[in-house]
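Number of protein chains: 2
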Amino acid sequence: MFNAVCMNYSFSNKVSGLQASAIREILKFTAFPDVISFAAGNPSPEAFPGKETAEITAKILSENPAAALQYSITEGYSPLRGTVKKRLISQNCFSPDIDEVIIVSGGQQGNELSCKVFLNEGDTLICEAPSFIGSLNSFKSYNVNLCGVGLEDDGINLNALEDTIKANPVPKVLYVIPNFQNPTGKCMSLEKRKAVYELAVKYNFIILEDNPYGEIRFSGEHIPSIKSLDTEGRVIYVGSFSKVIAPGIRVGFVSAPKDIIQKIVVCKQVSDVHTNVLGQIICYEFMNNYNFEAHLEKIRTIYRKKCSLMLSEIDRNFSGKISVTRPQGGLFIWASLPENADMMNFCRIAVEEYKVAVVPGSAFMISEKDKSSCFRMNFSTPSDEQIVKGCEILGRLSKEMFG
Amino acid sequence: MFNAVCMNYSFSNKVSGLQASAIREILKFTAFPDVISFAAGNPSPEAFPGKETAEITAKILSENPAAALQYSITEGYSPLRGTVKKRLISQNCFSPDIDEVIIVSGGQQGNELSCKVFLNEGDTLICEAPSFIGSLNSFKSYNVNLCGVGLEDDGINLNALEDTIKANPVPKVLYVIPNFQNPTGKCMSLEKRKAVYELAVKYNFIILEDNPYGEIRFSGEHIPSIKSLDTEGRVIYVGSFSKVIAPGIRVGFVSAPKDIIQKIVVCKQVSDVHTNVLGQIICYEFMNNYNFEAHLEKIRTIYRKKCSLMLSEIDRNFSGKISVTRPQGGLFIWASLPENADMMNFCRIAVEEYKVAVVPGSAFMISEKDKSSCFRMNFSTPSDEQIVKGCEILGRLSKEMFG
Chain A
447 MFNAVCMNYS FSNKVSGLQA SAIREILKFT AFPDVISFAA GNPSPEAFPG KETAEITAKI
507 LSENPAAALQ YSITEGYSPL RGTVKKRLIS QNCFSPDIDE VIIVSGGQQG NELSCKVFLN
567 EGDTLICEAP SFIGSLNSFK SYNVNLCGVG LEDDGINLNA LEDTIKANPV PKVLYVIPNF
627 QNPTGKCMSL EKRKAVYELA VKYNFIILED NPYGEIRFSG EHIPSIKSLD TEGRVIYVGS
687 FSKVIAPGIR VGFVSAPKDI IQKIVVCKQV SDVHTNVLGQ IICYEFMNNY NFEAHLEKIR
747 TIYRKKCSLM LSEIDRNFSG KISVTRPQGG LFIWASLPEN ADMMNFCRIA VEEYKVAVVP
807 GSAFMISEKD KSSCFRMNFS TPSDEQIVKG CEILGRLSKE MFG
Chain B
447 MFNAVCMNYS FSNKVSGLQA SAIREILKFT AFPDVISFAA GNPSPEAFPG KETAEITAKI
507 LSENPAAALQ YSITEGYSPL RGTVKKRLIS QNCFSPDIDE VIIVSGGQQG NELSCKVFLN
567 EGDTLICEAP SFIGSLNSFK SYNVNLCGVG LEDDGINLNA LEDTIKANPV PKVLYVIPNF
627 QNPTGKCMSL EKRKAVYELA VKYNFIILED NPYGEIRFSG EHIPSIKSLD TEGRVIYVGS
687 FSKVIAPGIR VGFVSAPKDI IQKIVVCKQV SDVHTNVLGQ IICYEFMNNY NFEAHLEKIR
747 TIYRKKCSLM LSEIDRNFSG KISVTRPQGG LFIWASLPEN ADMMNFCRIA VEEYKVAVVP
807 GSAFMISEKD KSSCFRMNFS TPSDEQIVKG CEILGRLSKE MFG
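In order, the protein sequences belong to chains A and B. Residue numbers for the first sequence follow our numbering, beginning at 447 and rising by one. Residue numbers for the second sequence follow our numbering, beginning at 447 and rising by one.
Incorrect hints may appear among the rest.
Which copy? The list can't say, so a pair holds if one copy fits it or any two copies do.
[To be verified] In silico BS3-like pairs for lysine-lysine, Cα to Cα no more than 25 Å straight-line:
id, residue 1, residue 2
1, LYS704, LYS474
2, LYS801, LYS531
3, LYS618, LYS586
4, LYS497, LYS817
5, LYS845, LYS586
6, LYS497, LYS815
7, LYS648, LYS817
8, LYS817, LYS640
9, LYS474, LYS817
10, LYS704, LYS801
11, LYS704, LYS817
Simulated from the structure, these hints should not be mistaken for lab results.
Throw the hints in and build the complete structure from the sequences for me.
Okay, structure coming up:
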């Protein structure tokens, strides 16, 4: 609606590097109704506590509307901070004080604010490669020097990590997703968590431990968080209610030493003042006045079943040249094509001709130009029928292309 | 809970400059129950649509919970974007397309993201002085060169503005609150809005027009927004539902040319993915399926009455040496002490000895060290009784100190 005399905007360096990606071209097909999408990262709608949320909001808004509708404090709804604290103590073997916890508007904000608090432009942040695209873009928007380190089956490659630390002037932060990593579904072993922490001590950097999927382990044994090994206050732990309650309410949390939380509070205050109160009350009430453990078990059962179904359909249909991870939790399976395969071509044909969408592995690399022969498959969003049909179709394509 | 071996964190330049303020020492008294606070900026709880919000959330969460609980798109809930567009067309005389509107997590986020999109460290951002502390801190967190320009009764001082533009290398953005400015309650005249826009054309900068209070004009004539004068696409308009619906839900919006909105979308995506959906649905439903105009009239009536009461109590009680603004909307009155008065001392005695809290004017300056002989009084939060009693007490103190 503006004049034909178009302005040429001079955007900041922060955003001029953030471009719409080639991968979006593939993902836009997922909006078509005839496409089976394994490309999402959404929780299953079956897993949402709709009825309970309705009860909670009805109660608070009729009994004490101002408590949900008025401005609140940046640190977060105190009862929820207390609940998070108790949960961290009981489950993750570390003991924050309440002023070592802040409620944020989803885990993504926790990662972004942690980056803003510690990193100047040009400072080095090391991450797993591949890693979560949302966090990578968030770090890129602060113009940090982003360095990726490859993964082995039990997590980050320690030798490569130490080489990367040595090769870069001031590595200030290491970003990792130790549980059911996005996109690979891999878990970092306890031995590696210990070794990573030792490297942080040796080279004096901060560990940003992102744990959105930790609560949805559906097989295998719980592995203590890196935070639980933290004797010096150098781990920032980010949690989320998106996968265990609902992502639409945008509620997550950060636990870190008080000095760090105070800086995150300042940055959050200038960003969105505080997290929406209704979402925080929903989390608090649901975790305290309903059977939250039973709800978690229900989610784990749904995802265990869906993951197992997808893996068995992959085994039954895919070319033997494709290998996949076998995750014990989370939302994602990571598939690897033969080494020199044209992965982008496979993904493009899959969605354009066969109507099945997966996410090309290069989406999760530091730069989309980084080589990847992998793709990500999500099992939480599609229905069972879609999983069966989509795997059969991808299997057919994989055999045509790779034999 | 961390070891006595305390770490010495090396925070980023962005946050190391953001310090807890001397003013907080005064504001912390407002938490005491025996203190009458004119220091807040909260809407009156009487103004919240509690019942309607309860009905809306009950309906959506029982009929279609996934619509409120699942991930959504960064641009915002489409029906709400459409509603914002229609409202801007009908009220503010400008005609955005829907892709020139993004929903954000409160107006503060709109201002912050606009700054992130345009400004590199060291770039110049000009603002009114005094101005809204939240926005100023947000700009400071990006290490911009923040330059303040004084206000006259009808808004920013144009000569001083042009001098400041000329004295600084690359003024990229001018931040203004043209309606019922926080903290002064002043309105920028139409003539000045036009002149400011002409300066933006002449010197090629962007205007960031923040309008959280525009809808709560309770007397006088509507003045068209600067955005409505924008023929070249150089105005970013930030709106908020915090004052007209509720702040706790954290919903606001930005309207700007599509190229700018696309960059804001990228920055918002890496910040909090999207605004909480329940809050967006509350705004949409309340504005479309209830009598939103009657609700606005109710709010305006409440604030007209409270403002008028506070002004008459000031007139009746305050020393003749104190002058105040007489706002036609918004939430704030700005009081000026005699020129060489010790304003901080007045504010400190008022709260510590007399138990009435106001905000020292220096809180709203570019630097707290900047001289101010003013203080801000809020009339939306205190009860009528508190307004009467608080003004009587402040009046007594003012006569003791200034005669």
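Each hint, compared with the structure:
1. LYS704 to LYS474: between (43 Å within a copy, 19 Å between copies)
2. LYS801 to LYS531: neither (45 Å within a copy, 35 Å between copies)
3. LYS618 to LYS586: both (15 Å within a copy, 22 Å between copies)
4. LYS497 to LYS817: Answer is neither: 46 Å inside a copy and 56 Å across each miss the 25 Å cutoff.
5. LYS845 to LYS586: neither (38 Å within a copy, 57 Å between copies)
6. LYS497 to LYS815: Cα proximity of LYS497 and LYS815: none, with 45 Å in one copy and 53 Å across.
7. LYS648 to LYS817: neither (31 Å within a copy, 48 Å between copies)
8. LYS817 to LYS640: neither (30 Å within a copy, 54 Å between copies)
9. LYS474 to LYS817: Answer is within: at 22 Å inside a copy they meet the 25 Å cutoff, but 55 Å across does not.
10. LYS704 to LYS801: neither (50 Å within a copy, 31 Å between copies)
11. LYS704 to LYS817: Neither: 40 Å inside a chain and 33 Å across chains, both beyond 25 Å.
In summary, the structure is inconsistent with hints 2, 4, 5, 6, 7, 8, 10 and 11 from the numbered list given earlier, while agreeing with the others.
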